[in-house]
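Residue strings, one per chain:
Protein chains: 4
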Amino acid sequence: MLIRCGYDIAFNTDAKTAMVALLSVHPSRHQDLRTPQRLMASPDIPLYQFEDGFRNVATRFAIPPGGVTLSCDFVIEDSGEPDARAPDGPQIPVEDLPDAVMPFLLGSRYCETDRLMDVAWGNFAHYASARDRVDAIVDFVHNHIEFGYHYARSDKTAWNGYQERRGVCRDFAHLAVTLCRCMNIPARYCTGYLGDIGIPPVDAPMDFSAWFDVYIDGNWYTYDARHNCPRIGRILMARGRDATDVALTTAFGPANLVRFDVHTDEVQSIE
Amino acid sequence: MLIRCGYDIAFNTDAKTAMVALLSVHPSRHQDLRTPQRLMASPDIPLYQFEDGFRNVATRFAIPPGGVTLSCDFVIEDSGEPDARAPDGPQIPVEDLPDAVMPFLLGSRYCETDRLMDVAWGNFAHYASARDRVDAIVDFVHNHIEFGYHYARSDKTAWNGYQERRGVCRDFAHLAVTLCRCMNIPARYCTGYLGDIGIPPVDAPMDFSAWFDVYIDGNWYTYDARHNCPRIGRILMARGRDATDVALTTAFGPANLVRFDVHTDEVQSIE
Amino acid sequence: MLIRCGYDIAFNTDAKTAMVALLSVHPSRHQDLRTPQRLMASPDIPLYQFEDGFRNVATRFAIPPGGVTLSCDFVIEDSGEPDARAPDGPQIPVEDLPDAVMPFLLGSRYCETDRLMDVAWGNFAHYASARDRVDAIVDFVHNHIEFGYHYARSDKTAWNGYQERRGVCRDFAHLAVTLCRCMNIPARYCTGYLGDIGIPPVDAPMDFSAWFDVYIDGNWYTYDARHNCPRIGRILMARGRDATDVALTTAFGPANLVRFDVHTDEVQSIE
Amino acid sequence: MLIRCGYDIAFNTDAKTAMVALLSVHPSRHQDLRTPQRLMASPDIPLYQFEDGFRNVATRFAIPPGGVTLSCDFVIEDSGEPDARAPDGPQIPVEDLPDAVMPFLLGSRYCETDRLMDVAWGNFAHYASARDRVDAIVDFVHNHIEFGYHYARSDKTAWNGYQERRGVCRDFAHLAVTLCRCMNIPARYCTGYLGDIGIPPVDAPMDFSAWFDVYIDGNWYTYDARHNCPRIGRILMARGRDATDVALTTAFGPANLVRFDVHTDEVQSIE
Numbered sequence: 001m002l003i004r005c006g007y008d009i010a011f012n013t014d015a016k017t018a019m020v021a022l023l024s025v026h027p028s029r030h031q032d033l034r035t036p037q038r039l040m041a042s043p044d045i046p047l048y049q050f051e052d053g054f055r056n057v058a059t060r061f062a063i064p065p066g067g068v069t070l071s072c073d074f075v076i077e078d079s080g081e082p083d084a085r086a087p088d089g090p091q092i093p094v095e096d097l098p099d100a101v102m103p104f105l106l107g108s109r110y111c112e113t114d115r116l117m118d119v120a121w122g123n124f125a126h127y128a129s130a131r132d133r134v135d136a137i138v139d140f141v142h143n144h145i146e147f148g149y150h151y152a153r154s155d156k157t158a159w160n161g162y163q164e165r166r167g168v169c170r171d172f173a174h175l176a177v178t179l180c181r182c183m184n185i186p187a188r189y190c191t192g193y194l195g196d197i198g199i200p201p202v203d204a205p206m207d208f209s210a211w212f213d214v215y216i217d218g219n220w221y222t223y224d225a226r227h228n229c230p231r232i233g234r235i236l237m238a239r240g241r242d243a244t245d246v247a248l249t250t251a252f253g254p255a256n257l258v259r260f261d262v263h264t265d266e267v268q269s270i271e
Numbered sequence: 001m002l003i004r005c006g007y008d009i010a011f012n013t014d015a016k017t018a019m020v021a022l023l024s025v026h027p028s029r030h031q032d033l034r035t036p037q038r039l040m041a042s043p044d045i046p047l048y049q050f051e052d053g054f055r056n057v058a059t060r061f062a063i064p065p066g067g068v069t070l071s072c073d074f075v076i077e078d079s080g081e082p083d084a085r086a087p088d089g090p091q092i093p094v095e096d097l098p099d100a101v102m103p104f105l106l107g108s109r110y111c112e113t114d115r116l117m118d119v120a121w122g123n124f125a126h127y128a129s130a131r132d133r134v135d136a137i138v139d140f141v142h143n144h145i146e147f148g149y150h151y152a153r154s155d156k157t158a159w160n161g162y163q164e165r166r167g168v169c170r171d172f173a174h175l176a177v178t179l180c181r182c183m184n185i186p187a188r189y190c191t192g193y194l195g196d197i198g199i200p201p202v203d204a205p206m207d208f209s210a211w212f213d214v215y216i217d218g219n220w221y222t223y224d225a226r227h228n229c230p231r232i233g234r235i236l237m238a239r240g241r242d243a244t245d246v247a248l249t250t251a252f253g254p255a256n257l258v259r260f261d262v263h264t265d266e267v268q269s270i271e
Numbered sequence: 001m002l003i004r005c006g007y008d009i010a011f012n013t014d015a016k017t018a019m020v021a022l023l024s025v026h027p028s029r030h031q032d033l034r035t036p037q038r039l040m041a042s043p044d045i046p047l048y049q050f051e052d053g054f055r056n057v058a059t060r061f062a063i064p065p066g067g068v069t070l071s072c073d074f075v076i077e078d079s080g081e082p083d084a085r086a087p088d089g090p091q092i093p094v095e096d097l098p099d100a101v102m103p104f105l106l107g108s109r110y111c112e113t114d115r116l117m118d119v120a121w122g123n124f125a126h127y128a129s130a131r132d133r134v135d136a137i138v139d140f141v142h143n144h145i146e147f148g149y150h151y152a153r154s155d156k157t158a159w160n161g162y163q164e165r166r167g168v169c170r171d172f173a174h175l176a177v178t179l180c181r182c183m184n185i186p187a188r189y190c191t192g193y194l195g196d197i198g199i200p201p202v203d204a205p206m207d208f209s210a211w212f213d214v215y216i217d218g219n220w221y222t223y224d225a226r227h228n229c230p231r232i233g234r235i236l237m238a239r240g241r242d243a244t245d246v247a248l249t250t251a252f253g254p255a256n257l258v259r260f261d262v263h264t265d266e267v268q269s270i271e
Numbered sequence: 001m002l003i004r005c006g007y008d009i010a011f012n013t014d015a016k017t018a019m020v021a022l023l024s025v026h027p028s029r030h031q032d033l034r035t036p037q038r039l040m041a042s043p044d045i046p047l048y049q050f051e052d053g054f055r056n057v058a059t060r061f062a063i064p065p066g067g068v069t070l071s072c073d074f075v076i077e078d079s080g081e082p083d084a085r086a087p088d089g090p091q092i093p094v095e096d097l098p099d100a101v102m103p104f105l106l107g108s109r110y111c112e113t114d115r116l117m118d119v120a121w122g123n124f125a126h127y128a129s130a131r132d133r134v135d136a137i138v139d140f141v142h143n144h145i146e147f148g149y150h151y152a153r154s155d156k157t158a159w160n161g162y163q164e165r166r167g168v169c170r171d172f173a174h175l176a177v178t179l180c181r182c183m184n185i186p187a188r189y190c191t192g193y194l195g196d197i198g199i200p201p202v203d204a205p206m207d208f209s210a211w212f213d214v215y216i217d218g219n220w221y222t223y224d225a226r227h228n229c230p231r232i233g234r235i236l237m238a239r240g241r242d243a244t245d246v247a248l249t250t251a252f253g254p255a256n257l258v259r260f261d262v263h264t265d266e267v268q269s270i271e
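Residue numbers (this note's numbering), protein chains in the order written: chain U, 1 to 271; chain X, 1 to 271; chain R, 1 to 271; chain P, 1 to 271.
Worth flagging that the hints you see were computed from the coordinates, not collected in a lab. Everything numeric in this text was worked out from a predicted model, so none of it was measured. Check before you lean on any hint, since a few could be wrong.
One copy or any two copies: either way a pair holds, since identical chains are not told apart in the list.
Claimed, not checked - Quick list of in silico lysine to any residue cross-link-like pairs, SDA-like style, CA-CA up to 25 Å:
#1 Lys16 <-> Tyr221
#2 Lys16 <-> Pro82
#3 Lys156 <-> Asp114
#4 Lys16 <-> Ile92
#5 Lys156 <-> Met117
#6 Lys16 <-> Arg38
#7 Lys156 <-> Ile45
#8 Lys16 <-> Leu33
#9 Lys16 <-> Glu81
#10 Lys16 <-> Val75
#11 Lys156 <-> Gly122
#12 Lys16 <-> Asp132
#13 Lys16 <-> Gly218
#14 Lys156 <-> Asp14
#15 Lys16 <-> Phe140
#16 Lys16 <-> Tyr127
#17 Lys156 <-> Asp83
#18 Lys16 <-> Arg259
#19 Lys156 <-> Pro98
#20 Lys16 <-> Ser269
#21 Lys156 <-> Leu116
#22 Lys156 <-> Val119
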């Protein structure tokens, strides 16, 4: 399956403002690109990429006074398969987890494992299998939080989401990630493209999406507490401990987002 | 100057419990070791080291039922010089900072930059030099928080410390780190040995200490908001975004700390 | 299966001589350790470990005038299974290989891919499957080179081994690695313990062994051109491009090896 | 000083051929870019970048049947200063070198330290200072090898260059790197742009250049055994152990270079 993705995003600012953007396809999907993925800026300011500590591709630049528009458009190949289900079986004891996954058991800015430990152990201790435990966590979060775009708040944490019971996809992901970590299941936060492929069209402007991965039986598996069903055509951009690490853009000074268009559509050819 | 450091730390537990310890000298000090730094366990359980994402040396093991005692003792050479002062001069604009220091501008579990942004800009915006700004932040934190061992709380964040105005060295470091990051000065949290060298003896049990580094003019410089004066003989163990990354020990299950002795003393010879 | 491994190795030297040793079990086997793996030195000089660019554990120290003995002894768990066979199927085109394996297609000090390209394509181009191609390379090398301990020479390259037709396990590995790389199959050189487990006892002093890995169908598989049959109980120490990267010890000055005892035996208990 | 750099390079091939190119400015110079550095391909094939093990930016793509042209053009800021001279002083003992520089003491494909050890110690042992030793090595190599474009040979090593006494800038660099490593001075091979800035115009087609870095007194310093004088305006592309690691392009199959134009000129404005 071919998917055409991209965006037009614009910022206004009065003064030169440094920015880091995590708006590139993740290296794990580089070899699926069928056209080059070139980030264009208008005006054509200098920008460059670097690989961050989570192996995401970050772009650095300074927004000039007056602002900048960033654009990207590319075609990528996808299996067309829905998210794979994790295999059933007992959870890996922490002492047997690989070193590299250990950071994904710790707390982070939006995932206060210490505050949600009792909630997690009170609700999810009795599952024998890691997959059943994660399924239960995802069901719980999906039912516990009411979705609404107007519930978005940039400083909302998993604990806030748990208490307020309202949020956006980011809040679903943060709460589920936190509960998994409390139960000693490594979990990482993901962002990327997720179009309406294989589902009825959704009457809302296209946005990037947040989901999460859990480490079960030696591999990472994708879960989505917002939608709570396997989806087709996720194009991963960035992974990290939580939304801090993978913010689409981080401005180091005042910058107003004045345009935000994202597209993700199945296409028949590269044309 | 030779410094002899080490510890005896014991945990009790009923069931096998995985643990990660950050109790080794940081690789940046490896070449100063004058005796081997061997971590001994009693009973002699298998344990191994790995380098974490911040280049700290982490030790992994499983505490057996009944518990374990970890011990270490070594001699290390130190310059005997107090913490170096950062050079004076204008702050590096964010767009000119190296890629590798960028994560140390972001929020983290115990450093809620988003919540303290107004406090930071309200108090520290008018300084022209990075060094003066950091000095002001350190003075502010030193005076704002009252030190007391009984104020320690494992889930206390910079925001909590700012509001409650009470804390331990960790809380001083978290608040200062957060305020520096708000002002776009990269800051990282540090733990290690800090003995009573060059100061009058302190009548309190020896403990590990927390301080922080800021990135000024192309190098990292050590600051200590708890003591607010240059000190001699810091032996760094671990650095990270905050106490989450560099917890001395992280238990993945119930484990009671039943012994905790740390020593750090100037010695005349290796003997 | 439990395997007890270790060594006693001694060097003599007149003057302080820096050394790097790759004599630790590879991190991928850390979790199989059943007793701690402690490197002891006599005299008890300072030494420390670091992770090299291939994720091997390297030990650094300076041999004092008069020399040093290094000792290690530990018990490790092993599956007891012989080396797994690679799956059959077409070779992965280079453009689809992961970025991280690409260095293992290049030439290196002892693997002159440029000089052996014609030999490789002349002999191994007609195989349709990656596994058959590697099998053919291993057979070829096994038959082409005559084994003999007295054929060891520290500057012998794959090209030399191909021409001289005599060598030790290192030369078998270098030639096979080079031919695989010429055929665009990523190959890396490995060193470690390999005892006489599951085979008739060999009447020669125990030594460390060299073998190699090839990347087929998305995973690395172990091959051994010296023995040309699956073996039980390989305990990996280090991996790299060739023997340069994973030399057991590299002395930066004159140092004479005066003792070299290695042991690797199946045991029934940790005792 | 502003420098405008770029290239047009074309390959012909009959069949799809994988390629890795190291034709991007090194990350250490990213922040000096004054215009974006975009690699364009004609036809517009998919290509992507990754960071290799030496922190160079590598580009991967498959040349389609019929061939491809790669183009790049950008403006970068430079200090305009000639290569800095290393400070004088005694050489750092190997045991005090940082872990990260140790690989640059070892042999590599084109740098046979084992074969040139006697040449190195015979000629350069009597210098007390690291800088004097490197100066002597650079003088020696500069005078020992006769420069000539027609002496270029892709499999020529430092040892070959030493014996044949003819070569191109790559051969000068390989021999000097090897001799430095023999003397326990870490040395790495570099490629990049080097225009005729600050020197009389050279009547030869512009090419990329090879030089090398040595680690003295805690920093890397640039040396150039081909020109044997400090130069202005080096724009680093890639660093590694030798030309294997930083080949401008590595084709994994037959590909003919049919066009090769490089430009590097001082300019007055970005225009």
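Now for the hints, and whether the structure bears them out:
| no. | hint | verdict |
| --- | --- | --- |
| 1 | Lys16 <-> Tyr221 | neither (41 Å within a copy, 27 Å between copies) |
| 2 | Lys16 <-> Pro82 | neither (43 Å within a copy, 31 Å between copies) |
| 3 | Lys156 <-> Asp114 | both (16 Å within a copy, 10 Å between copies) |
| 4 | Lys16 <-> Ile92 | between (49 Å within a copy, 14 Å between copies) |
| 5 | Lys156 <-> Met117 | both (18 Å within a copy, 16 Å between copies) |
| 6 | Lys16 <-> Arg38 | both (23 Å within a copy, 23 Å between copies) |
| 7 | Lys156 <-> Ile45 | neither (33 Å within a copy, 42 Å between copies) |
| 8 | Lys16 <-> Leu33 | between (33 Å within a copy, 16 Å between copies) |
| 9 | Lys16 <-> Glu81 | neither (44 Å within a copy, 28 Å between copies) |
| 10 | Lys16 <-> Val75 | between (33 Å within a copy, 20 Å between copies) |
| 11 | Lys156 <-> Gly122 | both (23 Å within a copy, 23 Å between copies) |
| 12 | Lys16 <-> Asp132 | between (50 Å within a copy, 23 Å between copies) |
| 13 | Lys16 <-> Gly218 | between (46 Å within a copy, 21 Å between copies) |
| 14 | Lys156 <-> Asp14 | neither (28 Å within a copy, 37 Å between copies) |
| 15 | Lys16 <-> Phe140 | neither (45 Å within a copy, 29 Å between copies) |
| 16 | Lys16 <-> Tyr127 | between (53 Å within a copy, 19 Å between copies) |
| 17 | Lys156 <-> Asp83 | neither (27 Å within a copy, 38 Å between copies) |
| 18 | Lys16 <-> Arg259 | within (18 Å within a copy, 41 Å between copies) |
| 19 | Lys156 <-> Pro98 | neither (31 Å within a copy, 29 Å between copies) |
| 20 | Lys16 <-> Ser269 | between (40 Å within a copy, 20 Å between copies) |
| 21 | Lys156 <-> Leu116 | both (15 Å within a copy, 15 Å between copies) |
| 22 | Lys156 <-> Val119 | both (18 Å within a copy, 19 Å between copies) |
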